[in-house]
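S.K.: What follows is each chain in one-letter form.
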Amino acid sequence: MATSLIKPSERMAARASAELKSQDVVFVGIGLPNLACNLARATHAPELFMIYESGAVGTVPDRLPVSIGDPTLVTDSLAILSQADIFQLFLQGGLIEVGFLGGAQVDRFGNLNTTVIGDYTAPKVRLPGSGGACEIATHSKRLLIMMSMTPRTFVPVVDFITSPGHRFVSQRTNAGVERDKLKIPGNGPTTVITDVGVCQFRSGEMVLTELYSGVTLDQVRKQCGWELKIDDNLLEVPPPSETIVRILREKLDPQCLYL
Amino acid sequence: MATSLIKPSERMAARASAELKSQDVVFVGIGLPNLACNLARATHAPELFMIYESGAVGTVPDRLPVSIGDPTLVTDSLAILSQADIFQLFLQGGLIEVGFLGGAQVDRFGNLNTTVIGDYTAPKVRLPGSGGACEIATHSKRLLIMMSMTPRTFVPVVDFITSPGHRFVSQRTNAGVERDKLKIPGNGPTTVITDVGVCQFRSGEMVLTELYSGVTLDQVRKQCGWELKIDDNLLEVPPPSETIVRILREKLDPQCLYL
Amino acid sequence: MFDHTRAPKLSRNKVRSMKEAIQDSVHSGDTILIEGFTHLICFAAGHEILRQGIGNLTAARLTPDLVYDQLIEAGLVKKLIFSWAGNPGVGSLHALRRRTEKTAEPMELEEYSHFGMVARLLAGSSGLPFWPLDNYRGSDIPGANQSIRTIECPYTQKKFATVPALNPDVTIIHCQRCDKEGNAQVWGLLGTQKEAVFAAKRVIVVTEEICETSVIRRDPNRTLVPGILVDHVVHEPWGCHPSYVQGHYDRDNDFYVAWESISKDTRSYQDYLSEFVYSVKGRSEYRAKLGKGLIEKLAAEPRKCEGVDYGY
Amino acid sequence: MFDHTRAPKLSRNKVRSMKEAIQDSVHSGDTILIEGFTHLICFAAGHEILRQGIGNLTAARLTPDLVYDQLIEAGLVKKLIFSWAGNPGVGSLHALRRRTEKTAEPMELEEYSHFGMVARLLAGSSGLPFWPLDNYRGSDIPGANQSIRTIECPYTQKKFATVPALNPDVTIIHCQRCDKEGNAQVWGLLGTQKEAVFAAKRVIVVTEEICETSVIRRDPNRTLVPGILVDHVVHEPWGCHPSYVQGHYDRDNDFYVAWESISKDTRSYQDYLSEFVYSVKGRSEYRAKLGKGLIEKLAAEPRKCEGVDYGY
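Protein chains in written order, with the numbering used here: chain G, 1 to 259; chain S, 1 to 259; chain P, 1 to 312; chain W, 1 to 312.
No lab work stands behind these hints, which were simulated from the structure alone.
Hints are not guaranteed to be accurate.
The following label-pair restraints were derived from C-beta to C-beta distances [what the hints assert, rightly or not]:
#1 THR103/W - THR43/S: 56 to 62 Å
#2 LYS264/P - LEU5/G: 29 to 35 Å
#3 GLY311/P - VAL280/W: 26 to 32 Å
#4 PRO156/G - GLU20/W: 55 to 61 Å
#5 LEU10/W - GLU236/G: 31 to 37 Å
#6 ASN233/G - GLY282/W: 56 to 62 Å
#7 SER11/P - GLN255/S: 33 to 39 Å
Ideal Cβ placement from N, Cα and C applies to all residues, glycine included.
Using the sequences and the accompanying hints, generate a full structural model.
M.R.: Written out as structure tokens, the structure reads:
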């Protein structure tokens with residue numbers, strides 16, 4: 001299988017799944033994060049412990065859930081809890097180790113916008129809003145971000161901070177403040193998995209640490225809305241193995257819902 | 001069946017049961033209140049809706065529950081809820097119409113003491129404490145008190161206000177304050193059912209409104225620790241019918257646990 | 001917040017048609033909450049509100065989903081209280097977007113996160129005017145919503161966010177089974193159904209199946225909502241399609257996907273409403289329109305669990 | 001309150017003997033919580049603490065019941081956190097009374113109402129340092145307990161009481177069944193078992209029956225406590241006597257009545273402990289001492305409910 005045939009979404013799912021260890025307790029979002037988690041479970045992390053904000057705990061879905069409330073998440077799960085329990089006991093109680101988020105915009109500090117493009121009161125695009133994102137960003141011990149990198153998505157300043165990152169430069173309420181000063185319980189974004197490479201946070205700012213094979217630094221620089229810092233020891237990430245691509249395509253998302 | 005053979009506890013249970021209407025939602029305590037409720041259910045109020053602080057809702061006990069957590073309250077109940085739900089949703093949520101309390105001491109304003117006799121830090125008698133009493137007195141729309149009247153139980157000033165009545169004359173925090181000023185949601189004590197008669201509250205103070213047949217006013221005056229007000233239209237309460245006494249003795253409490 | 005003025009609802013037979021229940025409980029200007037998180041979203045109730053044209057509504061839900069978008073398209077919603085407004089896994093709510101983007105007369109939005117909405121219902125159901133949560137620091141959400149405030153912990157002096165109680169005029173939930181008094185049992189995802197019911201002034205329980213009270217009493221731990229909270233019971237099999245009911249029928253994911261193109265264009269949106277809502281009398285006609293093939297495809301394969309022992 | 005430092009507990013086999021579990025989880029000076037409201041009070045755990053003589057304990061429970069009174073009589077409790085300390089329907093807790101009335105060295109008491117204790121566990125389980133409740137106005141309880149404070153609602157300016165989070169070092173619950181990972185299913189009265197587990201640093205689940213994980217997964221709505229909260233699983237049939245387990249055995253009400261005279265006198269109290277606690281190795285010996293007649297009398301008559309359908 002030639003690398004060129006592998007879709008960026010497949011590379012993202014494969015790379016994200018590598019972030020997950022067996023026995024991690026992960027709060028699973030819909031879409032690519034869900035694919036990444038189920039890929040991890042099907043490969044190196046069979047005991048990955050998945051919790052969905054819909055209330056399903058310890059799920060073992062036997063089809064790809066189209067929504068985070070899919071019935072396949074319920075059948076054969078370990079426990080169904082009310083959403084009050086999910087948010088109060090699990091998230092606010094500090095039991096979620098890994099959270100997954102995406103968004104329409106992200107800035108260099110990992111602030112995410114899923115609320116509006118443009119002005120809040122007269123938006124150009126009205127996005128869905130936070131859902132559970134704000135509390136996932138607040139309480140997860142580790143936060144993984146999955147987003148394709150384009151100048152429209154990786155922006156110098158997000159139009160609205162839906163979910164807090166490491167430092168707040170919005171024109172709204174929290175300009176200039178750092179995460180630690182606000183005593184936000186979770187550790188904030190740790191890794192950003194994109195379609196061109198992977199960033200980590202150093203002193204709260206994104207640094208490109210991995211580049212996918214076949215992608216050039218120039219391409220990355222063109223895609224990012226600010227001058228992205230590059231790690232001195234930039235790693236090249238090989239394409240996912242044929243086995244992994246096959247699991248993704250044939251087993252996990254044969255209908256290409258998210259790939 | 002001669003009146004003289006009827007025990008005071010039987011008169012109390014019978015009189016208390018008359019306070020309950022079919023379809024009342026009542027928060028049932030253990031002991032005589034429990035007997036009174038089950039008597040009402042067995043006679044004039046078959047649809048009395050009973051809730052226990054243990055979490056049993058819409059119970060139909062087929063034996064006298066010895067504790068408020070008896071398994072007979074669970075089997076065939078309409079719903080079992082957590083105690084968090086009982087206190088937050090039912091009591092604090094204002095869904096309990098009738099509460100029942102007793103105590104070691106009561107004063108003329110319906111303040112109840114189930115905490116200590118004597119000083120709090122060095123008590124003469126250490127009583128069990130509030131249990132659910134404080135919140136029942138706070139949130140029930142109507143509060144019924146069931147207590148035998150003696151100079152030791154009907155006292156001018158209670159040693160400790162466990163459960164708030166209509167006016168607070170304790171030597172502790174709330175001396176002189178009225179219930180309404182504190183915006184306590186429930187309406188406070190409405191009726192006191194004793195072994196000699198029944199009191200109602202007028203402007204927040206106990207007034208004897210009913211005297212059991214065979215009991216004299218002098219007897220009552222001797223039993224009460226303060227100069228109890230007597231209603232101008234004092235009613236005489238006849239003894240409970242033979243049927244009622246038989247239900248109490250033969251069906252509800254054959255082992256004389258509470259009678 | 002209530003001031004202990006709600007009366008328990010103790011009628012023995014609360015069974016009504018959907019039409020009667022909506023007519024009696026939902027009024028112009030009400031704050032309504034049709035609950036259900038992915039699971040148990042009662043489209044049948046939404047469609048009946050559409051047919052009766054009850055307007056000027058404040059519509060509250062964590063996920064407005066297609067059911068509220070349809071009310072918005074029909075012009076019945078003056079304000080939306082929500083936390084995530086999209087077509088899950090698919091795309092946008094297009095009526096909502098048309099009423100909020102580049103419009104001279106945008107719809108009023110009051111926006112929280114899921115946790116914030118859950119907390120509003122926790123307060124509303126618990127008789128408190130507020131609920132504290134450890135959230136929103138660093139986020140712009142409180143800046144966009146003045147109802148999110150702060151409170152100081154009397155022990156740690158740390159500040160926490162608060163949200164105000166939400167007490168809908170009417171909450172509508174859907175369940176697998178209930179008796180004629182409205183004692184409702186639910187399994188699978190529970191969402192915030194219990195809190196939404198306890199928070200509401202009026203409650204409609206829609207059910208796949210009406211059972212004897214003895215069935216409820218045989219497994220009281222399964223009861224999510226005691227009947228004394230319930231005003232009306234509506235028997236409406238398949239009342240949640242295209243949402244789903246665990247043990248009865250699957251989510252119609254194909255419909256959710258197809259909805260993206262149906263709803264993108266006002267014309268096809270109105271055509272849909274006309275055909276599947278306005279020209280049917282009620283749910284049984286709607287179900288018939290779905291066609292036998294789809295019904296058979298979505299019908300659940302049985303997967304029954306064991307009972308437990310309540311003896312003593 | 002935790003600072004998000006708890007790690008999930010994901011070991012596959014957590015089954016230990018009661019002796020091992022107590023030895024590993026309960027230490028001198030700990031705050032302990034053996035949960036269960038009338039139902040599911042794990043006397044077996046209390047007795048093992050007695051045998052191991054683990055002292056200097058802060059013992060928290062809504063209803064200390066006989067199980068904590070025995071720890072008090074043995075001198076293992078330095079402080080009691082509670083809301084109702086009696087022998088339900090019968091009388092007093094006499095060891096407690098001896099340690100609080102007319103004594104030169106009274107035991108430390110921290111006293112709430114039931115709602116206050118429930119609220120402490122709600123805070124502890126929810127990662128908040130406080131919990132608000134509409135209670136205690138007019139009562140002397142806050143005057144006797146400085147931990148009850150007030151907070152002002154940011155919407156209504158009304159004052160509400162608060163209680164601080166309770167986070168036991170160890171919580172012990174009893175359940176009808178769990179698997180080896182500690183996924184615990186409970187029916188009948190639920191007390192505050194879930195909150196007590198989520199609030200605790202360490203958790204022991206004692207069970208009447210260890211089942212396959214597949215049994216848990218067939219009815220996930222029945223799960224009260226997910227295993228990732230649980231450190232140890234102890235298989236201890238009849239572990240609650242004289243308390244009860246719905247579907248297994250009835251409450252031994254006669255014992256609770258008899259306890260009044262056993263416990264009134266220190267001599268007979270110590271004789272009881274000597275015979276039923278210190279001279280037995282564990283629960284199976286205790287059960288044998290109860291005698292076949294009593295076991296047969298208390299054993300539950302079966303009353304199984306129907307299962308429900310989880311298909312899709």
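S.K.: Determine which of the earlier numbered hints do not hold for this structure and return their numbers in increasing order.
M.R.: Of the numbered hints, just 1 does not hold.
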